[in-house]
Amino acid sequence: MALDRETVVRTALRLLDEVGLEKLTLRMIAGELGVKAPALYWHFAGKKELLDAMATTVLADAVQVDDGWAHRAWPEFLRAYAGGLRGALLRYRDGAKMVPGTYLTDERMYSVMERALGVLTAAGFDAATAGLALGTVYSYTVGHAIEEQAVRPRPGERDPAYDPEVRRRRLDPATQPTVVALNDMPGAGDPAADFARGLDLIVAGLRTHLPTS
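In this text, residue positions in the sequence shown follow this note's numbering: the first is 2, and each later residue adds one.
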């Protein structure tokens, strides 16, 4: 197998999904590739640099740029952007935890950002508000995904510490009636539905920043 950056990154992402971020090591990745760990240093100075490349790959996979971007209404665009990002983060165990604070290693991502900002400025937002809007949606999506993966590390798995029945037994209807009501709402604890509702609140707030005609 030819050893290049792309091969190392994709192998590392596959192992990330199997073992999680804390257990992922350069030695493990090298063993999977059939080489010694020092061979990886031809491509990455250390684990931090590899994580930067892994996170950049996840983000690049999340955002598929096409000509349809320019023709979407801005709320539809933001929902598609956030949904694609969320799906990419949840594709790997600890995928959301890996991304914050990493350094983009592919300059093409800045072109993606430019086109995304263009959708918002074309809708009437000034550049500063467009940048803040995109950053807010990004941060909300990453944060929500981190919390979601803390409860559900992988699809079909759930940490028993977050069992809703356990929480229900700890609640006191007399002193915590609103929390009890939220806990018992139909669909409570559905992360996809909660994410969509939160995104709707962001979109509703952004509408107030559009100039009135």
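Simulated from the structure, these hints should not be mistaken for laboratory data.
Computed from a prediction, not measured in an experiment: that's the story for all the values here.
The beta carbon of each residue, even a glycine, is placed where N, CA and C say it ideally should be.
Treat the hints with caution; some may be incorrect.
Pairs of lysine-lysine, DSS-like flavour, derived with a Cα cap of 27 Å [said to hold, decoys possible]:
(1) K48 <-> K98
(2) K24 <-> K37
(3) K37 <-> K49
(4) K24 <-> K49
(5) K24 <-> K98
(6) K49 <-> K98
(7) K48 <-> K37
Per label pair, the in silico range of CB-to-CB distance [what the hints assert, rightly or not]:
(8) L202 <-> S112: 39 to 49 Å
(9) K24 <-> H44: 14 to 24 Å
(10) M29 <-> N184: 15 to 25 Å
(11) L202 <-> M29: 24 to 34 Å
(12) N184 <-> E7: 38 to 48 Å
(13) R11 <-> R116: 23 to 33 Å
K48 paired with K98 [C-alpha distance capped at 27 Å]:
holds, 15 Å
For the pair we were handed, K49 and K98, check the Cα-Cα distance against 27 Å.
holds, 14 Å
What's the verdict on K24 and K37, does the C-alpha distance respect the 27 Å limit or exceed it?
Holds - the C-alpha atoms of K37 and K24 are around 18 Å apart, at most 27 Å.
Checking one constraint from the list: CA of K24 to CA of K49, max 27 Å. Satisfied?
holds, 14 Å
27 Å Cα cutoff - pair K24, K98:
The hint holds at about 13 Å.
Honestly, do N184 and E7 meet the 38 to 48 Å range at C-beta?
holds, 45 Å
L202 versus M29 beta-carbon gap, inside 24 to 34 Å or not:
violated, 41 Å
M29 paired with N184, Cβ distance criterion 15 to 25 Å:
Check failed, 40 Å falls outside 15 to 25 Å.
Assuming the hint says 23 to 33 Å, is it satisfied by the Cβ distance from R11 to R116 or not?
holds, 25 Å
Satisfaction of the hinted span 39 to 49 Å by the C-beta atoms belonging to L202 and S112:
Once the Cβ atoms are compared, 30 Å apart, the range 39 to 49 Å for S112 and L202 is violated.
Given the proposed pairing of K48 with K37, does the C-alpha separation stay at or below 27 Å?
holds, 15 Å
If you draw a straight line from the CA of K37 to the CA of K49, is it 27 Å or shorter?
With a Cα-Cα distance of about 18 Å, the restraint between K37 and K49 holds, given a limit of 27 Å.
In the structure shown, a violation is registered for the earlier hints numbered 8, 10, 11, in ascending order.
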